[in-house]
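Trainee: Given next are the chains, with one letter for each unit.
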Amino acid sequence: MQPRDLQPQHFAGYPPEARKLVLSHLEVLRQLPLSFVPSLLREAIDYDYRFPAERSLLDRELANLNTLTPAQIGQRFEAFAKVSLSPALEEFDWINLPAQFVEQESAHLWSTHQLDAFRKAATDYGAALESATPPEPLPVTRLGIAVIGQGVSSYDGKLFRNLRQHGTWFGRIKPDQGFDQLLSAVEERARAYPVPYGHWYVDGGQAALHTPSISTVSYNGLAPARATLLKRMQAEISSPGMGPEELRTRMARLVPADLGMDKAGDPVVDRFQVKLLTEGSGTQIYSTTFGQWTTREILRRAQALTLLVRYAPRQRQRPLNELLANTKGAPELDPLGSLIDADMAAWYHWINQQRLPGSDRSAFLAWFEGHGQAVAIGPSFPKGAESSTELGLRELLNLAIR
Amino acid sequence: MTPSLYNPRTPWEISRALSRSRRDFLRGAASLALGSTLMSASPLVRAESARKKRKVIVITFGGGARDQETFAPEGQENIPNMLRELAPQSSFFTHVSNQGILGHYVATASLATGVYETLNNFSAVAPEHPTVFEYYRKDLRRPSSDAWVVAPSNGFNRIGESECRNYGVGQGARVILPKHLLSAATAGGTPDFDHLLRDNYETPLYTPQIGGSEVELQQMENILRLSVDDFMAHAKTVSSPDELSVYIARRLMQQEAPSLLWITMHDIDVAHSGAYSLYIEGIRRTDRLCLDLWKAVQSEPEYAGNTTMFILPDFGRDSDYDAGGNGFQHHRTGDPASRTTWMMTLGAGVRQGVVYDAPVQSIDLVPSLGAIMGFSAQQSAGKPIRELL
Chain A
1 MQPRDLQPQH FAGYPPEARK LVLSHLEVLR QLPLSFVPSL LREAIDYDYR FPAERSLLDR
61 ELANLNTLTP AQIGQRFEAF AKVSLSPALE EFDWINLPAQ FVEQESAHLW STHQLDAFRK
121 AATDYGAALE SATPPEPLPV TRLGIAVIGQ GVSSYDGKLF RNLRQHGTWF GRIKPDQGFD
181 QLLSAVEERA RAYPVPYGHW YVDGGQAALH TPSISTVSYN GLAPARATLL KRMQAEISSP
241 GMGPEELRTR MARLVPADLG MDKAGDPVVD RFQVKLLTEG SGTQIYSTTF GQWTTREILR
301 RAQALTLLVR YAPRQRQRPL NELLANTKGA PELDPLGSLI DADMAAWYHW INQQRLPGSD
361 RSAFLAWFEG HGQAVAIGPS FPKGAESSTE LGLRELLNLA IR
Chain B
1 MTPSLYNPRT PWEISRALSR SRRDFLRGAA SLALGSTLMS ASPLVRAESA RKKRKVIVIT
61 FGGGARDQET FAPEGQENIP NMLRELAPQS SFFTHVSNQG ILGHYVATAS LATGVYETLN
121 NFSAVAPEHP TVFEYYRKDL RRPSSDAWVV APSNGFNRIG ESECRNYGVG QGARVILPKH
181 LLSAATAGGT PDFDHLLRDN YETPLYTPQI GGSEVELQQM ENILRLSVDD FMAHAKTVSS
241 PDELSVYIAR RLMQQEAPSL LWITMHDIDV AHSGAYSLYI EGIRRTDRLC LDLWKAVQSE
301 PEYAGNTTMF ILPDFGRDSD YDAGGNGFQH HRTGDPASRT TWMMTLGAGV RQGVVYDAPV
361 QSIDLVPSLG AIMGFSAQQS AGKPIRELL
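Protein chains in written order, with our numbering: chain A, 1 to 402; chain B, 1 to 389.
Be aware that one or more of the hints could be misleading.
Unchecked claim - When the alpha-carbon atoms are kept at most 30 Å apart in a straight line, the in silico DSSO-like pairs for lysine-lysine are as follows:
| no. | chain 1 | residue 1 | chain 2 | residue 2 |
| --- | --- | --- | --- | --- |
| 1 | A | 82 | A | 120 |
| 2 | A | 120 | A | 231 |
| 3 | A | 120 | B | 236 |
| 4 | B | 53 | A | 231 |
Stated by the list, open to error - Stretches of chain A that chain B covers, calculated by requiring three or more beta carbons in the stretch to come under 8 Å of a beta carbon on chain B:
| no. | stretch |
| --- | --- |
| 5 | 17 to 27 |
| 6 | 192 to 204 |
| 7 | 273 to 283 |
| 8 | 287 to 294 |
| 9 | 307 to 319 |
Hints in this document: simulated from the structure, not taken from any laboratory.
It should be emphasised that the depicted structure is a prediction, and the values quoted were computed from it without experimental measurement.
Where is the CB? At the ideal position from N, CA and C, for every residue including glycine.
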């Protein structure tokens, strides 16, 4: 089936708001190439459960497409139209399973050496869209905070190696009550700029007490869901004929109720959390990976104005000889390895933040919890500099967002 | 997007920059010379008598490592053995590109056939084109005991031979999957142990069905002169699957002394779990194991003095800056960082302490091995690397 054959009844299985969105743009969707449309539908089919920032992006993208003449559409999608797809892909149920189509399309592009051409087409399309739909101004400077190294008493290595070149390293931060100060600053911002899903706190362990004004995700809070998911995966793997594609398809269909999350309150956040566990590699096992991936997804999807991430020690990976010895017991923690994981994760936090609108004014702070080391990045801080000024974390934060 | 993150260069320019960075780094850190100034004479001895005794070991530095964690200034702390011990003895190729599918099994199969294979990375299927082992055995009339693969289980069990007409079943390499042996020896093991054996980090929840010419447990005693008890006793002293692979490789060198030995490392691929420190540990361990294997070559009479060793990653990993990826964790974007790697060649007939930055492709390995060992890789799409001829 080709997009030109799309009919309203094809979207009967879509949730109500997603169906309404697609039907109101059906005419333009019919004009787009098959190599592209499922990517758009992958975003649209979950419209009912998407963050406001995602909805806004999709609305603006479709609105922009509606302004184009057929000739302009032909020009903008010329490279996509040249992508050759297999008959199997053309016959796939890409309307109802767009994410699975995109995954299979990716494998097809790899095997037919069309990936580079597709990448270029996608990059060019993104650039054209960005220039045609400039983002709205932010109500406040975007702020990212990464707190790393919980449980590490001392570390001789060089921290924040990647981040230092983009900001100022501080060696005499007063650590007392440091996390509380940061959390309370996030809460203040949430109260001052009450943007839905705009202010987040992620904890790689147990979340600290906080006001309901901020959206929160924690590794420990999802422990029951993680356990249910792992058990379910084991059962799926054991079933005859199971392969990676089928397993991914089944994982993609999971909803909060499947993981025992039906009692939770916010359907958007619950769906988001399920995807963190079913789409993120390693998020089910390592808390540092969970923290890093959650950060990436909150920035990419919710475009958080404020994001505080506190990393906690992950479980230690047991070496081969220990596994063979078959010793049981509670999983040990690896604070030092987790510090190294989180140091890299803080770097990725900043990179992902810089991909969002307003990056020229955004601020970022990374702190070695309980210690005097921090790095601050933003217009207020010279790049590649070091400071021996003694500062509290609240003071440093005020400098960052002034 | 800030200027610091915006990179207007083309993929080709980025690949070249990566290559130059490796070259400059090696010239400074390991005092290697630039190869373009040393191209006047062939470094390899071409006499037939030498070819007959020549042994080749290929190590894939897997699964996938980036420059900033290896051959870039900030990565040198992770590869002290390769940098200080091996690089000065090697010819180092700074610009090896992989234009194929970046999955470990399919990429390793492509390395072994000299053709960018398009098989399903997660299926236990044979390569479509003849492997280096088939070319070697057929052209030089070598027995099956002379070509071996030591690889991580489980998908690699079909890598020893293709299903190609005129080659194929029974004409390739014998394959040992140490972790598969371990699985058989422990008859399933505990749940934790199962997790270890499920070693395909890209899809850690899937284990393909085993089928192929891999060595079964009962054959281990005959071939490796290694009882199950001794095997298990040693397994309990190593910390990782790759350490077990190197142990098996050394047993093979001692007992069978194959002329073509292919060892696929895989510990580094733990990066897919997203834990950066584990990825770094994997690189450091692989660095140490490469030196261990080189020392084994020097200490084994069958190998000392007549062995050429090739060390190369199957591919890299995604750049920190590609929005389509998640940095070191995966190799899914196809960006220059994930496609551009290096190759270290050392041992018999290799010019020492030289850096070559002319671009070569990963599929050039097989025809180069053919030129060195004296067989014709007829169906390979690559071409012999002239700096090795």
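Trainee: Are three or more residues of the stretch 307 to 319 of chain A within 8 Å, CB to CB, of chain B?
Mentor: holds (count 4)
Trainee: Is the coverage entry for the stretch 273 to 283 of chain A by chain B consistent with the three-residue Cβ rule at 8 Å?
Mentor: That given contact holds, which follows from 4 residues of the stretch 273 to 283 of chain A lying within Cβ reach (below 8 Å) of chain B.
Trainee: Given the hinted pair residue 82 of chain A and residue 120 of chain A, is their Cα-Cα distance within 30 Å?
Mentor: Distance of about 12 Å is within 30 Å: holds.
Trainee: Does the alpha-carbon distance linking residue 120 of chain A and residue 231 of chain A stay inside the 30 Å limit?
Mentor: Not satisfied, since the Cα-Cα distance of roughly 40 Å exceeds 30 Å.
Trainee: For the pair we were handed, residue 53 of chain B and residue 231 of chain A, check the Cα-Cα distance against 30 Å.
Mentor: Measuring from Cα to Cα gives roughly 54 Å; hence the hint is violated.
Trainee: Closer than 8 Å Cβ to Cβ for three or more residues is the test here. Does the stretch 17 to 27 of chain A pass it with chain B?
Mentor: Answer violated; 0 residues pass the 8 Å Cβ test.
Trainee: Quickly compare the C-alpha distance for residue 120 of chain A and residue 236 of chain B to 30 Å and report which way the hint goes.
Mentor: Since the Cα atoms of residue 120 of chain A and residue 236 of chain B sit roughly 49 Å apart, the hinted pair is violated (cutoff 30 Å).
Trainee: Residue count check for the stretch 287 to 294 of chain A against chain B: does it reach three with CB-CB under 8 Å?
Mentor: Since three or more residues must qualify, the claim that chain B covers the stretch 287 to 294 of chain A holds, with 4 doing so at under 8 Å.
Trainee: Tell me if chain B covers the stretch 192 to 204 of chain A under the three-residue, 8 Å CB rule, please?
Mentor: Check failed, 0 qualifying residues.
In summary, the structure is inconsistent with hints 2, 3, 4, 5 and 6 from the numbered list given earlier, while agreeing with the others.
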